[in-house]
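**Q** Protein chains in written order, with my numbering: chain C, 285 to 610; chain U, 25 to 599.
Simulated from the structure, these hints should not be mistaken for lab results. By construction, the Cβ of each residue, glycine as well, lies at the ideal position given by its N, Cα and C atoms. Any given hint could be a false lead.
Stated by the list, open to error - DSSO-like cross-link-like pairs, simulated, lysine-lysine; straight-line CA separation at most 27 Å:
| # | chain 1 | residue 1 | chain 2 | residue 2 |
| --- | --- | --- | --- | --- |
| 1 | U | 215 | C | 566 |
| 2 | C | 569 | U | 215 |
| 3 | U | 215 | C | 580 |
Stated by the list, open to error - Okay, the calculated bits of chain U under chain C, using three or more residues with CB under 8 Å as the criterion:
| # | region |
| --- | --- |
| 4 | 74 to 85 |
| 5 | 201 to 209 |
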Amino acid sequence: MRRRDVLMLMSAAAAWTTSARAQKPSMPVIGYLCPESPELFGSRLRAFHQGLREAGFVEGRNVAIEYEWAHGQYARLPALAAELVARNVDVVVAPGGAPVALAVKGTGTTSTIIFEMGGDPVQLGVVDSLPRPGANITGVSSLSVDVSPKRLELMHELLPAATTLAVAVNPTSPTANSQVQKLHSAAETLGVQLRVLNASKEEEFESVFSTVAGEAANGIVFTSDPYFAFRSRRLADLAIKYGLPAITQTRDFPIAGGLMSYGGDFVQSHRRAGIYAGRVLKGEKPADLPVQLVTKVELVINLKTAKLLGREFSASVISGADEVIE
Amino acid sequence: MIVRDRFRGLFPKYFLALFMAVAIPLAVNGGIEAWFGYRDQRAQLDQLLGVQASSAAAEIHNFIFDITTQLGWLVQQPWTDEPDEQRRTDAQRLLRQAPAIASLTLIDNKGHERLYVSRVGLNRIESRTDRSTDPALVGARANRIWFSDVSYNRGSEPYLTVAVVGNRQAAGAVIAEVNLKLIWDVISAIKVGQTGIAFVLDEPGRLIAHPDISLVLRGAEASTSQPFRSLREAIGPGVGFATSQDGRGRMVAASAAAVAGPDWTVVVEQPLSEAYAPIYASLWRTAVLLAVGTIFAGLLAYGLAHRMTEPIKLLEEGTERIGAGSFEHRISIQTGDEFQRLADSFNRMAGELALAQQHQERIAKLKRFLAPQVADLVDRAGDDSVLDGRRTDVVVVFCDLRGFTAFSAGVTPEEVMGVLSDYYDVLGRVIAQFEATLISFSGDGLMVLVNAPVPVEQPALRAVDLAIEMQKRVQGLIVGWRSRGYQVGFGVGLAEGSAIVGRIGYEDRLDYTAIGSAVNLAARLCASAADREILVDAVIAANVRGARSLNDMGNRQIKGFDEAIPVFGIPFDAH
């Protein structure tokens, strides 16, 4: 009896505080547009929250966050962005790649936009320059797009005898063309041929692997692309299935059983996006916040998979690896 | 009214005095404390900021020095013409271990590039391009370690090129691109006090390290670096700290130290509000104490003024009432201090005033029938029992004017009163002179007692002398009156004998009188005395015989006495 009373009191108090919080007009609202589902994005979201906390904001306590999830359907991003912007949020956070940033920027909102992407925001036309990004948009770039040629180099080093290497490209990605262009020029330097294969849907992944397995190319380099990055497990499974060495941008891939990855540290980039969102909420102007480039580009290799594939990393690759999975 | 007076009078005086007593020592102490505190704090701040600046400079130097040390490991072995796989592994490891290094270029003893490894760009192995004229290589060969100017990658991230040569020329050189953004880890860990910070400027004054990374990423812009440069200029080359405004417009104390090697400056700054917080706190304490002291002084002044004015009010009221004649009023003050003593002395004074007034009243009463000196005597004795009724031997003297009634009928009242006035004037003086007791007077007649209420020696003789003096004086007057045609004479009768004397009358109308045959006899003798005559009875005659001359006038039949009584005349010389 007494316990029930206490419980009732507690729930009443909780309801009261919740309603009080809901009524609190001062709590700012962040609109968070995510290209994927909460499950796939969990590690990134945690990093974002950590950054927010460093800037002094905790969701539910002094900031509210409204989420929109595209669940991997990148075509829906512009519509979801418009929906989010219509809710008059204080800051729109566009993490997970150039398509998200472009979708939010495309709404023409005057709210501040904080992006997180792997590409070059200047080249993509998202910002005017790194130190002076523009009126209402700034963010963090993880350099993942810039280092696509390094992935080709690493694959070439693993397979020095290979004359043709496959490159998987998502043709819907805004950075696809520039990456392919850079890869071609790198291939020329390295003296290899490229076999460019397109995949923009999960169903097309298998055909990429089966094509490579059936042809002369025996290693796949994945271009930087969020769609690929968030499907690391599937890619790793396929790579094992077809016994193909592959490299992607994110550490999720070798952790899931893929061979190796080379790309910007997403924990750092999402955390910094969180810090920037917090600073804007505190009243700083986005124009005063230069675009940050992530300093850490990490190489992660999986020796177990290498053994499974019958490949061996050179000593210089192993010594340069930030993480070695054994 | 008294309350208002209190605030006009004592309260402000007390308040001022107490306020001074409290405030001046406090203010002086606070001022001295603040002044010495300020000096100490400045000295301490100077020392502290100096130490902070050199320690920050040492940390920045260590950051660079660590990198050059690590680079030094790559230039230990002499180059051969063969590709050097080991160096490549070392270079890759170094890239992993030193996150600030973006790329490494290894150059052999001939100045040819042998290896280039980068985090972003493609590696170059054994390209053998001639780098012998590269300023980095030239600089490093001259000084062993060479630092470039800071450059900003795409106008944002500051980079520094560091070149290191081995201690043997055969070991070649290494050139590294260092991303200075990573100094952030070092610079943001430097805490100057609670909110103070450190930042780094390169030689031309561009910001290359600051806890706010977004400022560093705009360090190439003059507008970003300007406030920091001004702060460095404010400090100047001299020792000691400077106070100036920082980029956010707050006043700071700042000190600088040079970073050995790349010719940078580390500036540490601390907001003045924090640096001088102990002084502000001390001033604030003094202000609070002053306020408390003022309130305390006010309360104390009020209390004291209240304690003063209460008894003063009682004293005021008391003196007013005593002044108005209520001598029985007593002022009750039980403060145990001077006020109580003052009140007691007021009370004593009131008592004495009452006594003095009683004395005055009694004297006034006594003087009506006693000679002044006798009255004084009686009063000094403090006891008027002398006036109580008793039987005693007295000499009764009666005198009156002869022919006065006839005279008074024929002249104006003014003339009558003028004569009486002169007459009593003369008699009064004689009575006083002989210390006789005036019993009564009516019209031109007068009764005087000798030997009562105060006994005198030889009362008969004194009474006779009194009568003689009366006759002499009045006769002197009579000469004047006769010249004006007034036909009056003057006679005196004396008798001695036992009589009852005492006060008679009621309340304030009291008289002293004597009752006895001597009184009647004296009155009769006076009535039978002719002008210029003094008649005495046998008792007096017996008492003055031998002392004064006597004329035996034989027995006379006196009204009211059955037998004829022997009567004597006292002759006197009119001049």
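**Q** Run every hint past the structure and note whether it holds.
**A** Hints and how they fare:
no.: 1; hint: U/215 / C/566; verdict: holds, 23 Å
no.: 2; hint: C/569 / U/215; verdict: holds, 26 Å
no.: 3; hint: U/215 / C/580; verdict: holds, 25 Å
no.: 4; hint: 74 to 85; verdict: violated (count 0)
no.: 5; hint: 201 to 209; verdict: holds (count 3)
Consistency note: the structure conflicts with earlier hint 4 alone.
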